[in-house]
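Engineer: Chain H: place on chain E using the hints.
Protein sequences appear in the order of chains E and H.
Each residue of the first sequence is one higher than the last, beginning at 1 in the numbering used here.
Each residue of the second sequence is one higher than the last, beginning at 1001 in the numbering used here.
Bear in mind the hints are in silico, worked out from the structure with no lab data behind them.
Treat the hints with care, since some could be wrong.
As the list claims (entries may be wrong) - For the chain E half of the interface with chain H, some residues (derived, Cβ under 7 Å), not all of them: (1) N329; (2) N539; (3) D540; (4) L647; (5) N675; (6) E697; (7) E707; (8) R752; (9) E768.
Stated by the list, open to error - Below, in silico cross-link-like pairs of lysine-lysine (DSS-like), each with a Cα-Cα straight-line distance of 27 Å or less: (10) H:K1258 <-> E:K712; (11) E:K658 <-> E:K630; (12) H:K1405 <-> E:K419; (13) H:K1405 <-> E:K416.
Every residue gets a Cβ at the ideal spot worked out from N, C-alpha and C, and that includes glycine.
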Amino acid sequence: MRCRSSESKLSFCTCVVWVLLTVLFRATAAPAQDTAVSEPRLTFEQHVAPILQTRCIRCHGADQRESGLDLRRRFTMLTGGDSGPAIVAGDSSGSLMMELIDERLMPPEDEPELSSSQISTLRRWIASGAAIAGDIEPPLPDTPAGGDSIDETARQHWAFQPIAEPAVPAVRNQAWVKTPPDAFVLAELEARHWQPAVPASKATLIRRLYFDLTGLPPRPDDVTAFVNNQSPDAYEQVVDRLLASEHYGERWAQHWLDVVRFAETEGFEYDRHLPEAWRFRDYVIDSLNEDKPFDQFIREQIAGDEIRPDDVEYQSAAIFHRLGAVRRNAGNPEIALSRNEVLTERTNIIGEVFLGLTVGCARCHNHKLEPITQKDYYRLQAYFAATHEYDISLVSPEEKQAWDEQAAEIKDRISKLKKQADTQTTEQKAQLQQKLQQIASRQPPVPSTIPSIRNDEKERTPIHVLRRGLWEHKGVAVGPRPLSVLVSATEPELPAEITAPRTQLANWLTSEHHPLTARVVVNRVWQYHFGAGLVRTANDFGTHGSRPSHPELLDWLATAFRGHGWRLKPLHRLIVLSNTYRQSSRGRHESETTGADPDNRLLSHFSRRRLSGEEIRDAMLAVSGRLNPKLHGPSVITPVDPEMMSLLYNPTQWIVTKDVAEHDRRSIYLIAKRNLRLPFLEAFDAPALQTSCPLREESTHAPQALELLNGKLANDMAAAFADRLTRECGQDPERIVDRAWLLATAREPTTRERELSLEFLRSEPLQEFALAVLNLNEFIYVR
Amino acid sequence: MCADQHSAAFGFTGRRDILRGLGSAALASLFHRAEGRAGELRAGGGRPDRGRADRGSPLEPRVVHRPARARSVIFLFMAGGPSQLETFDPKPLLNKLHGQRRPAEFGEAKYQFVQNDARLLGTKRRFRRHGESGIEVSDLFPHLSTCIDDFAVIRSCTGDQVVHSAAQYELFSGRTTPGYPSMGSWALMGLGSDSDSLPAYVVLPDPLGALEAGQPMYMNGFLPAAYQPTMFRPGERPVLNLEPPAHVDLPQRRRTLKLIRDLNESTLPSGDNELEARLNSYDLAFRMQTRAPEVFDLTRETRETLDLYGIGTAPTDDYGRRCLMARRLVENGVRFVCCVSGGGPGNMQWDAHADIEENHLRKASETDKPVAGLMKDLKRRGLLDETLVLWGGEFGRSPEAQGGKGRDHHNLGFTMLMAGGGIRGGQVVGATDDIGLRAIESPHHFRDIHATMLHQLGLDQHQLTYRHQGRDERLTFLEGQVIREII
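Okay, chain H solo, but in the shape it has when bound:
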């Protein structure tokens, strides 16, 4: 949202260039797409390759840097930091050392609250091998474990920060301070929108409340406002300003829109792309107004599908609804959906300082079935091939106890999952040491996750840049390493 210089990546030379080109041809292509949509999307599995004479409209689909495997991303954001030790990273030694101090050979760690003399905390969870891959998953996830063959389990994730806000910024933007574009905004800038009636980057926040890093975490930073997220709200009308105010009905508003178009067209100089783009943005707005509510309407789903997500059953209803919404969104061309589990005060997130058992049993019971339902639903609809699913939080949790039963934040080794969009599932990547403290085998920083995600979307971390304050900024900041073994 702040222009200094512009990206060389797409040949922008000035800010007006971004707008140039969403002319009548682009409008025609929008309409064309609207008609030919269903077949087009199904056909290739990847992004439809449209020839485009014009360039530069901020949301027009773009030519990617390399063949893409994924068209969309769903990030299942387990906010607050789920424990690796209770979920996907079994550590028998930790149970043996329960109540003792961390042996010196495991090295030092800095926590937000726990001191160095804290005692190790064994886990009460039981792990069992699942699927053909035989990957160990804890009993927190009876449903998710049935899909484990689709997931690459990255047990060696690392970040630089051990406090929520800064870690959340890093998870989303690759930087530990606010003001940098999120991965959703980068993906959108790289790919453009693939929907003619929906916002292209959607965040489905937990209705329980906001997170520590707040809204800046999801934002477009210094990228143009066209790449900002749309924050869905709870309830029947998820998108702000999508309906006319109460005193106006839709036919009335349609006539007003016609007046606006007629008036603006009457003074439009011929060949003025910028003002034409503005005219067209009203058409898109109106299509969103009329068509998007159909996409948001979950009652169009069968009972069987609703059950698959656990909709209508107490603990799973909310996250189930949002996971189903995520599927409906990507199905209709939305690029990036972030579906947040956790919000409000710490214990309403996965932030289990006080009691890891109580917290994780509760959070897992809310999300396990919905996540598994989403995976199965995507798969049976052929959407998993083109949708990258990412599961994880801003960090993991400490092997040491906090206050006897809880676990503190921990950023030196934790687990994230990736599936779909060309990711080879059913394998484990990397390892932490024997107490789950530190990633010791193929550690992967957030920027490796980012680089891998971009890679699957057909984007190159080095080419997807934007000049800001004299630097060609990119999502991966220094440089991410694509996790080769899972693609």
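Same shape as in the complex, but just chain E:
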């Protein structure tokens, strides 16, 4: 039975078969005293359990039963888990467990591999018939089933509790309480014997409010009117006017677009443009402006196509599912892999945006930190089993056909030209590139299409628990079901082929009793008003996320929000009318609070905030008088430095919008292209546009200064600002300086500022002065 290495392959194989046959024979018939191989009889208890105990049981046994697998007994191994039996007695190479170990898939990659002697023991034990020491194994201890169930104590986590309706706390300084949130904030401050900051000045407050609610600076007339208005409800009037302004929707839409990873191109190699993804942006702006109930807003985005398939607005909402990056693949088709990538993206985003939970971590294994099982993950994915891309044409078939023909012809010409490029010199290539641009720009506008989705029953993907998240490794099939930790243990799965599955999902998310959705929404709103949420991790309310600084306030707000029919505007009013919001950004007790509360979680003053890149650009346009306030419509592509084009794999996609007036529109209307972001916005921490961004960074670094000093945008704006100042103030330097300050900072210059400016203007160009004003801290920050 010895295999000599010099033997041919054929005889080697025969040899293996012979060994296997012998082993099989022994496993089924031969008693243990077979002497062909002189080694001790291997038993589960004596040889195998110790290995499993130290290396496997943690995930497949006592506390957890990942993939439904329990390795505590031989009988549970024979039964196996979601992927079938773990072992086949007598057949080690046919045993799933050995396959996974051999492929280095188990133990998981973040743990050391089994030693070769351990592997050999397991293999020989199975091959020799997977014996147990006695005749019968003891039953399993009576513990709750793991694997696809969660640790019941996790239900106690605050965020999974029903939303409470806490009473507004009593405070000593009752006079300070303008709206109920003030009482919650003040109670915490009083408990530490701290006092809130003094109120911000009217000029500071109106600038803060304008940027907060509209993303634009107040005009000088607005400032003056407010400062001079002595009526007790002067502030309230401004609040109501701004909430009614169309610019409110533009400002708050940007927040939502960040969270839902809005971009108008697919990323990866092709970075294909979805020509009318802007409809989603307009849908969000309009929904916010009309103060659409947020539960309805959520339902439309998750299931708009199911609820009203013939309604442009609802279909535009459903573009939500098309916003993720998509990897398209030339060459050999990888349909199942691509499908798996799309389903993954669509599932993960639901967790981040609506649940505030990092469900994506449970794709490959039970969540390491949160009570989310792998089965939970795939049950969530099952709501999307039939969801497929569906482009809805808004033009007649004839128009569509005419366009298709024209486009095909242009494509043909481009590809022929491109083929030449391979053999050309750099210079010829540049010429060719120009020619390509010209041809591409002659392309007629794409006929109106909504890049939506629909349920396609014929193309339904059966959803399985996937071992390590790999589509090839299918485990047990699952149907849609909410996360275990949020429903009762007996809640059944829905049938896999249920109609309108995403409506079910949306209804669950927005149901009366859902503990997360409303909390997540009000926390986001609070975060955008104050720069930080009551829960700092806006996309992570799990047990490892940040705990709320004011848990009762969070619940009170969530309750009030639902009480107002899930409308945002009453919530904004409660917040911006509060005294908490109206505090100065200089704390009254800074020496104490900076040490004890460096992040100002207790809100003893207002937290200063740097404007986002979009706000800075919009404010420069507004201040210089160049802003084009037009709402809605196709996204604008602005000219960029020619060298920027070389960063694009397909530069012909960057077709600059012809109407130059469009170039001065608000930043939310600029195209969100994954593979080319505007350097100006990039420098000021605009999101990467690839995944959900719950909160913008605020970093400070030299390229920002270079943008504001030398960048084309800043210098163009400075020139326009200088023109405006001349137009409005003539040659009078004193008026120019005052006006510039009022426009850019909503206040008069200090004596020192006036002196410095007048001195500069005596010998230096006005445009350089204008540029300096656009570089003021006070212009870039909101106090």
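Structural biologist: For chain H alone, kept in the frame of chain E given last:
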């Protein structure tokens, strides 16, 4: 660029903390460094160890996790995927099996275009042993082969993806989807900047065009924008916004800057670190404006050095210039330089689908002398000891022919090179099977390359983390294995 929670690695507790601390002390240290630079950099070979009372400015030099061997990285990115079979991994059996189907015992492979019934393609290249190490290098690299004793040749590299964009993301960020920080951004976050007048992470793209994965491949992902790369542009003025617009001269701009400083200082509350940091960023910007152009000026080099890189000679001029720029950058404290060979349509990269001979002869003739020149130049200046050089692409190429003369993408076994920065050269690590299909001996995933790179920089893959969407993200994603035999 997207704040959720912050890294525990450096004790950040909130996003404002990152800014806290670039106060006047930090500014003083910048100036101090500016004066004492040359001696300081030469002295230790490693990173100068500055005592710092303050913490947290995004680009201040940081205390590393372990003794560092390298201070900077130059990644010679052979984009498109150079063939292991034509370069550093000779396979005599492949030539014997030329024209046949792959024997079953070599197992399966998935390619982007080639089907499983494709025929094997022998190589026309000749391999010869070089240097004291006797490592085999093909005749594509007559110059590079003279430096082979400095290189560790890792013949068993693997990645997870066989299409460009996803493989390029994985090569740079350890993840196959965009949106994750690149190794340059991670290195910068871990080490901080070592230059007071240059961007700390620079990409020198091929002027022929962009790559499939586009700009997101080089980006900082969810890390703060301070860790973003600076993309150099071709021509005399490589950095965007480094000069004032045409209508303003430098003295004028200096007076404007003074006005900005005076105005901002006049309203600056005392002890306001965040706004002071903003003020200081203008000083740094101005220093970049005035000093960086000197660094970018290659005419300051001797003719002998220019010749060493092949500058002024047709095929090598462009890559030679960029390799020389890379040396000048690391010499002046830049942390990470990515010098890209290949851009635009596939055949302008190492992406030899149509004709491996034509493509690789051309790409090698453009890069061989510059790479060798860079190695020799770094070495004679004592910079190789503190500069880790990495050579490679996002994957290798198939043993099978595509369309008769080309090779398809291939991710199961290919070669990358590492040198300098404490890497023990003159040795071969790992092996592929007899047709160069699959890494069969000590396979090393990209994350092992990443882990090794971080290790040499004095960074620990487990400590260099950043909390994002509830996960402590790291460059090596799952876990990389430091390649012990080469360090």
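Engineer: Next, verify each hint and record whether it holds.
Structural biologist: For each hint, the structure was consulted:
1. N329: Where the cut-off is 7 Å and the nearest Cβ of chain H is about 6 Å from N329 of chain E, the hint holds.
2. N539: holds, 6 Å
3. D540: Holds, about 4 Å.
4. L647: With a minimum Cβ separation of about 5 Å from chain H (threshold 7 Å), the hint on L647 of chain E holds.
5. N675: holds, 4 Å
6. E697: holds, 5 Å
7. E707: Since the shortest Cβ distance to chain H is 6 Å, the answer is holds.
8. R752: Constraint on R752 of chain E satisfied, holds at 5 Å.
9. E768: holds, 4 Å
10. H:K1258 <-> E:K712: The hint holds at about 21 Å.
11. E:K658 <-> E:K630: holds, 16 Å
12. H:K1405 <-> E:K419: With Cα atoms ~18 Å apart, K1405 of chain H and K419 of chain E stay inside 27 Å; holds.
13. H:K1405 <-> E:K416: Satisfied, since the Cα-Cα distance of roughly 22 Å is no more than 27 Å.
Of the numbered hints given earlier, the model fails none.
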